[in-house]
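The primary structure of each chain is shown beneath.
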Amino acid sequence: AQTVTQSQPEMSVQEAETVTLSCTYDTSESDYYLFWYKQPPSRQMILVIRQEAYKQQNATENRFSVNFQKAAKSFSLKISDSQLGDAAMYFCAYRTMEYGNKLVFGAGTILRVKS
Amino acid sequence: DTEVTQTPKHLVMGMTNKKSLKCEQHMGHRAMYWYKQKAKKPPELMFVYSYEKLSINESVPSRFSPECPNSSLLNLHLHALQPEDSALYLCASSQDPIGGYEQYFGPGTRLTVT
Chain X
1 AQTVTQSQPE MSVQEAETVT LSCTYDTSES DYYLFWYKQP PSRQMILVIR
51 QEAYKQQNAT ENRFSVNFQK AAKSFSLKIS DSQLGDAAMY FCAYRTMEYG
101 NKLVFGAGTI LRVKS
Chain F
1 DTEVTQTPKH LVMGMTNKKS LKCEQHMGHR AMYWYKQKAK KPPELMFVYS
51 YEKLSINESV PSRFSPECPN SSLLNLHLHA LQPEDSALYL CASSQDPIGG
101 YEQYFGPGTR LTVT
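Going down the list, the sequences are from chains X and F. Per the working numbering, residue 1 is the first one in the first sequence, and the count goes up by one each step. Per the working numbering, residue 1 is the first one in the second sequence, and the count goes up by one each step.
Calculated directly from the structure, the hints in this document are not laboratory data. Every residue gets a Cβ at the ideal spot worked out from N, C-alpha and C, and that includes glycine. Please note that a few of the clues may not be correct.
[As the list claims (entries may be wrong)] Here are the computed lysine to aspartate or glutamate pairs in the EDC-like style, where the Cα-Cα straight-line distance is at most 16 Å:
no., chain 1, residue 1, chain 2, residue 2
1, F, K41, X, E10
2, X, K102, F, E24
3, X, K102, F, D96
[Claimed, not checked] Per label pair, the in silico range of CB-to-CB distance:
no., chain 1, residue 1, chain 2, residue 2, range
4, X, N67, F, E44, 25 to 33 Å
5, F, H26, X, E52, 24 to 32 Å
6, X, M97, F, S71, 22 to 30 Å
7, F, G14, X, Q57, 12 to 20 Å
8, F, K18, X, Q57, 50 to 58 Å
9, F, T5, X, G85, 19 to 27 Å
10, F, E67, X, R63, 19 to 27 Å
11, X, E15, F, I98, 34 to 42 Å
12, X, G85, F, Q82, 33 to 41 Å
13, X, D26, F, K38, 21 to 29 Å
14, F, Q82, X, I110, 27 to 35 Å
15, F, K18, X, Y54, 40 to 48 Å
16, F, S71, X, L47, 15 to 23 Å
17, X, M97, F, E67, 25 to 33 Å
[Stated by the list, open to error] From chain X, some residues computed to sit far from chain F (all C-beta separations above 10 Å):
no., residue
18, Q8
19, V13
20, Q14
21, E17
22, D26
23, T27
24, S28
25, Q44
26, Q57
27, E61
28, K70
29, S76
30, S80
31, A87
32, N101
33, A107
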């Protein structure tokens, strides 16, 4: 079974600075998808960024980018120019290729942004 | 419209009550999901519906009973719940049950069992 590990329970960043959230995973599959989801306090979970395992190029969405190291099974999220609105719980998630589109989530990292 | 709606937002029920949670999406998605989320924990998958048929049940107790009346609607019927079932219940949908499609999450129903 696949597992996802987020080793940083909490992180803090100063507004306008850059922060990197770590994620590692374990799988025997060669093809899969990886996601970062953001869940602000008492608000809806939304997708931040997605990476297809067969693509070597790292995904980027505005201030959010990933460092995908397939051999190392590592998928970190970099947030540049941090804003107060980035404060949230961030979940790394793995999608199996099995039918049903199951997501396996990491434990999450709480990101605090200081003004 | 990329919205998944859930009702009610909050629900308090006794252990002998029967209640239902409702989830709706109008994006034409063919896969819908129920998750349970405890505070500061990741969502735990409960059920997956693919093309209106139950495709995954993650060994959920029978006091939780899902139903998919049509392609836009997903219900979760609750009966004889325990206090430990208190949690945020999230519904999600995705375009298809296979492939790298994003799951869109609803805002959740916060359930308290007394």
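Could you tell me which of the numbered hints above are not met by this structure, giving the numbers in increasing order? 2, 7, 10, 25, 32 and 33
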